[in-house]
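With chain A's structure known, arrange chain B on it following the hints.
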Amino acid sequence: MGELIYPLAMIGVMAVATFPTRALPFLLLRGRENHPLLVYLARVLPAAVMTILVLYAVRGIELGQAPHGLPELLALGVTAGLHVWRGNTLLSIGVGTGLYMAVLQSGVAG
Amino acid sequence: MAERAQIAAAFRATLPVLFGYVPLGAAFGFLFSDLGYPWWLAPLTGLAVYAGSAQFLGVGLLAAQAGLLETAVAVFLLNARHLFYGFSMLGRYPGTGWAKWYLVFGLTDETYALLTSTPVPAKTHPQDFHLAVTALNQCYWVIGCGVGALLGTNLSVDTTGLDFALTALFTVLLIDQIKSATAMYPFAVAAVSGVAALWLLGPDNMLLGALAVSLSVLLIGRRSGLWAS
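Residue numbers (the working numbering), protein chains in the order written: chain A, 1 to 110; chain B, 111 to 339.
Everything labelled a hint here was simulated from the structure, so no lab data went into it. Note that CB positions come from ideal geometry on N, CA and C, so glycine has one too. Take the hints with a grain of salt, since some may be wrong.
Examples of chain B residues toward chain A, derived with CB under 10 Å [as the list claims (entries may be wrong)]:
1) Ala164
2) Val185
3) Tyr195
4) Gly201
5) Thr206
6) Thr228
7) Phe280
8) Ala291
9) Ala298
10) Met316
Just chain A, same shape as in the assembly (with noise of 0.2 Å):
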């Protein structure tokens, strides 16, 4: 038991840490969700998150070297094409994610 003390110490700090990121603009703004800046960022921010979601997975992507992002500018371009055309979620999310385990997989990309 006793080796066990650290590592759930280590979870239990770290759920705490996590829970305030969460939860504190709940707690700051209580009771004034009908306010005209809070309803604007309710608005403005989800298309904003959104957008910076997408450039955050594709962080990782070295255009500088070999194979120059091709795999996820192929599998992502698949994905939304396909999103585009039919706006079927789970169709372009398993078609692209396919692709692109296959184009890894297969080894074509290096």
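Quick look at chain B alone, frame taken from chain A:
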């Protein structure tokens, strides 16, 4: 019966997260199992912390026998991006009680992305749908953490590239948001901030930087009447 249909709708909405969270959680479990602790501490971490990047950082901190205060500060700063999610969810998560605080606890990148982009199915109470999506996503994550830690490096299935499902999910949700948007400037502001942050701050620090710059520009733009609010 209505309840089953509602859970099925939430399950369909969260399927892409299932394909992303299980391998990503398993990757955490693999790394965690190298520390030599009992395997069940990995799913326990997913249950109690439930933050991907912080858990990966935590493996490094545990391996280095880091101090508790140092860990608290590092994890808080790494997760500070969540503050931005809360600001825009105040109106969607009204009320009080355990259900609301569980929704707040479970507000990951992916859950935020899904809940701000997916309309609540007909005849469903919004909070029920939000709860189902949040709880399903956390289940996938905890299962991934446990499976990874249990199997260690014995897994023979090649899942290379499966985590692209999360990139594809964000892309698809972004397209859905653009299609239903009434104004394009939030996308434009974020795209410019994101690329600039990626270039100036590097891949590891771009997320918080891009969010902070976007928020500032969106607030300044509204105040100075650059765009009609």
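Going through the hints against the structure:
1. At about 6 Å, the closest approach between the beta carbon of B/Ala164 and any beta carbon in chain A falls short of 10 Å, and the interface hint on this residue holds.
2. Interface hint status for B/Val185: upheld, as the beta-carbon distance to the closest one in chain A is roughly 4 Å, under 10 Å.
3. A distance limit of 10 Å between C-beta atoms decides the matter here; for B/Tyr195 the minimum to chain A is near 7 Å, and the interface restraint holds.
4. The beta carbon of B/Gly201 comes within 5 Å of a beta carbon in chain A, closer than 10 Å, and the hint placing it at the interface holds.
5. For B/Thr206, the interface hint holds, since its Cβ comes within 10 Å of a Cβ in chain A; the closest pair sits about 9 Å apart.
6. Interface hint status for B/Thr228: upheld, as the beta-carbon distance to the closest one in chain A is roughly 9 Å, under 10 Å.
7. Using the Cβ-Cβ criterion of 10 Å, the hint placing B/Phe280 at the interface with chain A is satisfied: the shortest such distance is roughly 5 Å.
8. Taking 10 Å as the C-beta contact cut-off toward chain A, the hint placing B/Ala291 at the interface holds, the least distance being around 6 Å.
9. Taken as an interface hint, B/Ala298 checks out: its beta carbon lies about 9 Å from the nearest beta carbon of chain A, inside 10 Å.
10. The restraint placing B/Met316 at the interface with chain A holds, with a minimum CB-CB distance near 6 Å, inside the 10 Å limit.
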